[in-house]
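Between the sequences and the hints, there should be enough to build the whole structure, so can you do that?
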Amino acid sequence: MSFLQLAHVSHHYFSKKGYTKALDDVSFSIREGEFIALLGPSGCGKSTILSIIAGIMEQTSGNVLLQDKPIRDSEMAIGYMLQQDYLFPWKTIIDNVLLGPKISKTLGNDSRKLANELLNEVGLPGVAENYPSSLSGGMRQRVALVRTLINDPKILLLDEPFSALDYQTKLKLEDLVAQLLKTYNKTTILVTHDIGEAIAMSDKIFIMDANPGTIAKTFEVPIELRNETPFFVRRHPKYQILFDKIWKELDTEENEPVTAKVVASSDDQEQ
Amino acid sequence: MTKNNDKQLFQEYKDTLKMEKKVVISWQLAILVGFIALWEISSRLYWIDPLIFSSPVQVFEVIISSISEGSMLLHLQITLFETIAGFLIGTIGGIIIATLLWSSKRFAKIMDPYLVILNAMPKVALGPILIVALGTGYISIITMGAIICVIITTLVVYSAFNEVDPNYEKVLISFGATRWQSFKEAIFPAAMPAMISTLKVNVGLSWVGVIVGEFLVAKNGLGYLIIYGFQVFDFSLVLSSLVLIAVFAAIMYKLVERLEGWLIKHST
Numbered sequence: 001m002s003f004l005q006l007a008h009v010s011h012h013y014f015s016k017k018g019y020t021k022a023l024d025d026v027s028f029s030i031r032e033g034e035f036i037a038l039l040g041p042s043g044c045g046k047s048t049i050l051s052i053i054a055g056i057m058e059q060t061s062g063n064v065l066l067q068d069k070p071i072r073d074s075e076m077a078i079g080y081m082l083q084q085d086y087l088f089p090w091k092t093i094i095d096n097v098l099l100g101p102k103i104s105k106t107l108g109n110d111s112r113k114l115a116n117e118l119l120n121e122v123g124l125p126g127v128a129e130n131y132p133s134s135l136s137g138g139m140r141q142r143v144a145l146v147r148t149l150i151n152d153p154k155i156l157l158l159d160e161p162f163s164a165l166d167y168q169t170k171l172k173l174e175d176l177v178a179q180l181l182k183t184y185n186k187t188t189i190l191v192t193h194d195i196g197e198a199i200a201m202s203d204k205i206f207i208m209d210a211n212p213g214t215i216a217k218t219f220e221v222p223i224e225l226r227n228e229t230p231f232f233v234r235r236h237p238k239y240q241i242l243f244d245k246i247w248k249e250l251d252t253e254e255n256e257p258v259t260a261k262v263v264a265s266s267d268d269q270e271q
Numbered sequence: 001m002t003k004n005n006d007k008q009l010f011q012e013y014k015d016t017l018k019m020e021k022k023v024v025i026s027w028q029l030a031i032l033v034g035f036i037a038l039w040e041i042s043s044r045l046y047w048i049d050p051l052i053f054s055s056p057v058q059v060f061e062v063i064i065s066s067i068s069e070g071s072m073l074l075h076l077q078i079t080l081f082e083t084i085a086g087f088l089i090g091t092i093g094g095i096i097i098a099t100l101l102w103s104s105k106r107f108a109k110i111m112d113p114y115l116v117i118l119n120a121m122p123k124v125a126l127g128p129i130l131i132v133a134l135g136t137g138y139i140s141i142i143t144m145g146a147i148i149c150v151i152i153t154t155l156v157v158y159s160a161f162n163e164v165d166p167n168y169e170k171v172l173i174s175f176g177a178t179r180w181q182s183f184k185e186a187i188f189p190a191a192m193p194a195m196i197s198t199l200k201v202n203v204g205l206s207w208v209g210v211i212v213g214e215f216l217v218a219k220n221g222l223g224y225l226i227i228y229g230f231q232v233f234d235f236s237l238v239l240s241s242l243v244l245i246a247v248f249a250a251i252m253y254k255l256v257e258r259l260e261g262w263l264i265k266h267s268t
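Chain order of the listed sequences is A and B. The first sequence: position 188 = 188 (this note's numbering), numbered continuously. The second sequence: position 187 = 187 (this note's numbering), numbered continuously.
Treat the hints as calculated values from the structure; they're not laboratory data. Keep in mind the model is a prediction, meaning the values are calculated, not measured. Any given hint could be a false lead.
Heads up, simulated DMTMM-like pairs for lysine to aspartate or glutamate below, C-alpha to C-alpha not over 20 Å straight-line [said to hold, decoys possible]:
1. A:217 - A:249
2. B:170 - A:58
3. A:154 - A:68
4. B:219 - B:69
5. B:105 - A:58
6. A:105 - B:169
FRET-style restraints, in silico, Cβ to Cβ [stated by the list, open to error]:
7. A:13 - B:114: 51 to 57 Å
8. A:16 - B:136: 50 to 56 Å
9. A:166 - B:167: 17 to 23 Å
10. A:236 - B:261: 53 to 59 Å
11. A:196 - B:9: 42 to 48 Å
12. A:185 - B:255: 43 to 49 Å
13. A:252 - B:116: 42 to 48 Å
Using N, Cα and C, we set each Cβ at its ideal position, and we do this for glycine too.
Given below as structure tokens:
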């Protein structure tokens, strides 16, 4: 049974000069607890998909179903992590983490306790009263992860959350996130343009095509890789085989002719 | 050995900073003293007409005598009260209007041309209308002080609200925040620096509004003293009022600067 399902989702961006079709008839479904990656060139609509699932934007056509009900009717929390941490610089770490409970008016001693436990779990004990400016990039992204997890989201959306970090921090954080998500059995969608990261972290990889954004191909990650932590996946013999396959797929895609992205509005006037 | 050398270099660096500060302050004092001295000398030697330009000694005497008899304090109090009231009403009013504009994109679009016109219009030209409408008391003078800074505050704060990184709002929306919650948690605090910087501008503007208002109607206040001194040809009185305005405007500016430092420390 599918947990989250996208059925024929399309999305357009409109401007005065014309419109862009960002997504064209995108359909896929995810099982509960599954970790999938959306991989593709920039501008292929990966982030648009996340924004639609998160309810920040509404698709121009198609349906997004969570447990067979429209996602807009669902009360289930969705966690969204962005490329940058977007911690609020004027709030302390603990206040940043407790933002979700504050918004949903469930702030209490329980959530405070949970916040401190989660901060400990990601290796950040004793920073609660600090301000974000005193933390390094990796630490801040870990705080952002805690801020997302504290709401106990059923679906976690990760929009290139490691791309702004240095390589070492990124590898460490990948391990931490993968282990945490496995422990809490979260359904996760990761958007990335890093093939290695996609293989290392996910169960299934959707390769996306740009102009307009579509799902071009799906790769299943071998079971041996799924059970490893991201750091060790990269050393597994099967890793390179899958990497090469995906590389080839993305490479052929890149060589296809690029069609005009913005459809001029003058076409409409002629009709 | 190297450690001593490091310390020595640091000491030298601190010394150059101190030296620089000393030079700047001495020049500042030199300009002030030089200006006052030149003024006094030119007045005594009749290079300038002492009847019109007075002299520092006379200005000083006027200030001392009018303060000791109490009349100057009354005028000063009234003007300060009007300025602070105008400043507060204008600033807070501007922030409230900016919030209303932010709360509805359509309202903001509708109001846009009117704000442009109101901003472009010299507000002091409204003086006579204010007096007719609100009478010749404090109310119209305070309104003058407020009206002169309310529009610019609205525009600056509203654009600051719009320039807040939309990703902060995205984070909140993904938590299910309402628009008002987004405003409270992200937009308003993020626009704090811009609001604080309008405070400084508004101090100067509300002085302009109040003094012009007092020129027009008042029977009290420093602006009134300037006009009165002008009418009875007592330029020592005019200049001593000017000196007091300069001193108190500077004090108010410095206080707002302190407040700014405090607010920044406690809001970021």
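Going down the list of hints, with the structure as the test:
Simply put, residue 217 of chain A and residue 249 of chain A have alpha-carbon atoms about 8 Å apart, close enough for the 20 Å limit, and the pair holds. Restraint check: the Cα-Cα separation between residue 170 of chain B and residue 58 of chain A comes to about 14 Å, which is no more than 20 Å; the hinted pair holds. Between residue 154 of chain A and residue 68 of chain A, the direct Cα distance comes to roughly 15 Å. Compliance with the 20 Å bound is thereby established for this hinted pair. Distance check on the hinted pair: residue 219 of chain B and residue 69 of chain B sit about 18 Å apart at the alpha-carbon level, within 20 Å; holds.
At roughly 19 Å between alpha-carbon atoms, residue 105 of chain B and residue 58 of chain A fall within 20 Å of each other, so this suggested pair holds. Our distance criterion of 20 Å between C-alpha atoms is met by residue 105 of chain A and residue 169 of chain B, whose separation comes to about 17 Å. Look at residue 13 of chain A against residue 114 of chain B: about 32 Å separates their beta carbons, and that is not inside 51 to 57 Å. For residue 16 of chain A and residue 136 of chain B, the hinted distance range of 50 to 56 Å is satisfied, since their beta carbons lie about 52 Å from each other.
Residue 166 of chain A and residue 167 of chain B have their C-beta atoms about 21 Å apart, which keeps the hinted 17 to 23 Å range intact. Judged by the Cβ atoms, the range 53 to 59 Å given for residue 236 of chain A and residue 261 of chain B holds: they are separated by roughly 56 Å. At about 47 Å, the CB distance of residue 196 of chain A to residue 9 of chain B agrees with the hint of 42 to 48 Å. Distance hint check for residue 185 of chain A and residue 255 of chain B: the Cβ-Cβ separation is about 57 Å, which falls outside the suggested range of 43 to 49 Å.
At roughly 54 Å, the beta-carbon separation of residue 252 of chain A and residue 116 of chain B lies outside the given 42 to 48 Å, and the hint is violated.
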